[in-house]
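First to last, the sequence lines map onto chains A and B.
Numbering follows this note's numbering, in which position 2 of the first sequence is assigned residue number 623; successive positions increment by one, without gaps.
Numbering follows this note's numbering, in which position 153 of the second sequence is assigned residue number 157; successive positions increment by one, without gaps.
Don't take every hint at face value.
[To be verified] Distance condition first, Cα-Cα at most 30 Å in a straight line; then the derived DSS-like pairs of lysine-lysine:
| id | chain 1 | residue 1 | chain 2 | residue 2 |
| --- | --- | --- | --- | --- |
| 1 | A | K637 | A | K700 |
| 2 | A | K686 | A | K704 |
| 3 | B | K180 | B | K146 |
| 4 | B | K27 | B | K146 |
| 5 | B | K291 | A | K632 |
| 6 | B | K188 | B | K144 |
| 7 | A | K632 | A | K673 |
| 8 | A | K673 | B | K291 |
| 9 | B | K146 | B | K188 |
| 10 | A | K637 | B | K343 |
| 11 | A | K698 | A | K673 |
| 12 | A | K637 | A | K698 |
| 13 | B | K34 | A | K637 |
| 14 | B | K69 | B | K34 |
| 15 | B | K291 | A | K637 |
| 16 | B | K146 | A | K632 |
| 17 | A | K637 | B | K144 |
| 18 | B | K343 | A | K686 |
| 19 | A | K700 | A | K673 |
| 20 | B | K34 | B | K291 |
| 21 | B | K28 | B | K180 |
| 22 | B | K27 | B | K291 |
| 23 | B | K82 | B | K34 |
| 24 | A | K686 | B | K291 |
| 25 | B | K82 | B | K146 |
| 26 | B | K27 | B | K144 |
| 27 | A | K686 | A | K698 |
| 28 | B | K354 | B | K291 |
| 29 | B | K343 | A | K632 |
[What the hints assert, rightly or not] One side of the interface only, derived from the structure: several residues of chain B facing chain A at Cβ under 7 Å:
| id | residue |
| --- | --- |
| 30 | R9 |
| 31 | G154 |
| 32 | L236 |
| 33 | V296 |
| 34 | G320 |
| 35 | A324 |
No wet-lab data here; the hints were simulated from the structure.
Beta carbons: idealized from backbone N, C-alpha and C, even for Gly.
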Amino acid sequence: MTDPELAELAKSTLIKVAPDLEGEVFAADTPFREQFEVDSMDLLNFVIALHKATGLDIPERDYAKLETLSGCVAYLKAKGFGK
Amino acid sequence: MIEFRMPSLGADMEAGTLVEWLKKPGDPVKRGDIIAVVETQKGAIEIEVFDDGVLDEILTAPGEKVPVGQVIATIRGKDEALGAARGATIAPAEPAQAAPAATMPKAATPPPSPEVLALHARVTPAARRRAGELGVDLAKVKAGPDGVVGLEQVEAAQPSRPERRQPGISFDEMRKAIAAAMAKSHREIPHYYVSSTIDVSPMMAWLEEENARRPVPARLLYAVALIRALALALAKAPELNGHYVDGRFLPAEHVNMGIAVAMRGGGLIAPAIREVETLGMDALMEKLRDLVARVRGGRLRSSELSEGTVTFSNLGEETADEVLPLIYPPQVAIIGCGKIAERPWVSDGKVVVRRVMTVSVAGDHRVSDGRRAAQFLARFGQLLGSPEKL
Chain A
622 MTDPELAELA KSTLIKVAPD LEGEVFAADT PFREQFEVDS MDLLNFVIAL
672 HKATGLDIPE RDYAKLETLS GCVAYLKAKG FGK
Chain B
5 MIEFRMPSLG ADMEAGTLVE WLKKPGDPVK RGDIIAVVET QKGAIEIEVF
55 DDGVLDEILT APGEKVPVGQ VIATIRGKDE ALGAARGATI APAEPAQAAP
105 AATMPKAATP PPSPEVLALH ARVTPAARRR AGELGVDLAK VKAGPDGVVG
155 LEQVEAAQPS RPERRQPGIS FDEMRKAIAA AMAKSHREIP HYYVSSTIDV
205 SPMMAWLEEE NARRPVPARL LYAVALIRAL ALALAKAPEL NGHYVDGRFL
255 PAEHVNMGIA VAMRGGGLIA PAIREVETLG MDALMEKLRD LVARVRGGRL
305 RSSELSEGTV TFSNLGEETA DEVLPLIYPP QVAIIGCGKI AERPWVSDGK
355 VVVRRVMTVS VAGDHRVSDG RRAAQFLARF GQLLGSPEKL
């Protein structure tokens, strides 16, 4: 998968768990928490949904790497997803 | 005959608009059944019934706004005789028997109008904001195929000529509701505050270990451990758990904990999880997940807004060190937790780095005093020190 495709996957996954973010503009490097006031429950649900979408095991210590769109892309690539 | 009234869903509610009846005259109902949906300043709320029987007569039609306390339906108790000629499977439009000489329309349950469907539909906050900007009346917007009114539906419903801009309706209404409740709290409740900074390193270490063992979907948030410990500590602090009504404190039998959930875009709601002292960590996590999802995108139930006996406000990560909240009347206490942060901490005579959190209790001086709240905080801290026992 290309970087934009991975970004789209992360974005659509977040919208799936927080449907009220539909229509929002996503900045690549700004933390979701800062952009959209997402909280710990949203982020945990996002990690669960991303785990289900990709099959990747995501340890809790990695959650901080998934707090931005660009971070998600880098993480998914580093894990070899979409190759 | 039991009179079913427009319930009060908090100190801030004066009226509600009937959106939809989910039962029709002749339908059996039992305690806990959801029989109607009411639009309030806090969104669409599912209204539960508190008696067993048969829905006898509907007195309020969808679309009507009625004050709190007004009779909106009657329920025939289980032992009451059937009204004459009333079949068990009455067509929705049949007028009710033995109706009082009221001027209220006989509502029956016609199919909901498109307007009602729109009011009933989920509306995303982005769509709500856009509707406010464009002057679109959300009640007239048809939901998309998934039952959700999103930006696409709002923009399609944009009037061809721009109309006067209006602020987003629901957020304004919610702000009014918060203002009313908090003004009442500030005016009537003599608050006191007690705070402690607690070393939560043991709890966080335990949780990290626990979550590392669990599959991703079964992991816990630290808020769940806090709720569990609060529930256990509150069970031993009855003066902090209950309602103050008509000059009297009514201690609660169970801990129904209101959880303050922030809305994106502003505002908050604090629906309650009932009998939290009876729930383990996993059950609490599921309840919390469900509650947050329904606050943000779905529906709350009337009992969740009216049965809270104490409130918990957790600022969460990357926020502030301390919160001094106002009590939500008629409750008598609220507990606020600041963010968890690494701080220098003295342990066994040495300065070490620990993860700490400042916890505050706002109490109602008509019912308790700071000493009791301090004892409660000490107990809470002890419980968090042995998280494996929670």
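Need the list of violated hint numbers for this structure, in ascending order. 6, 9, 13, 21, 25, 28, 30, 32 and 35
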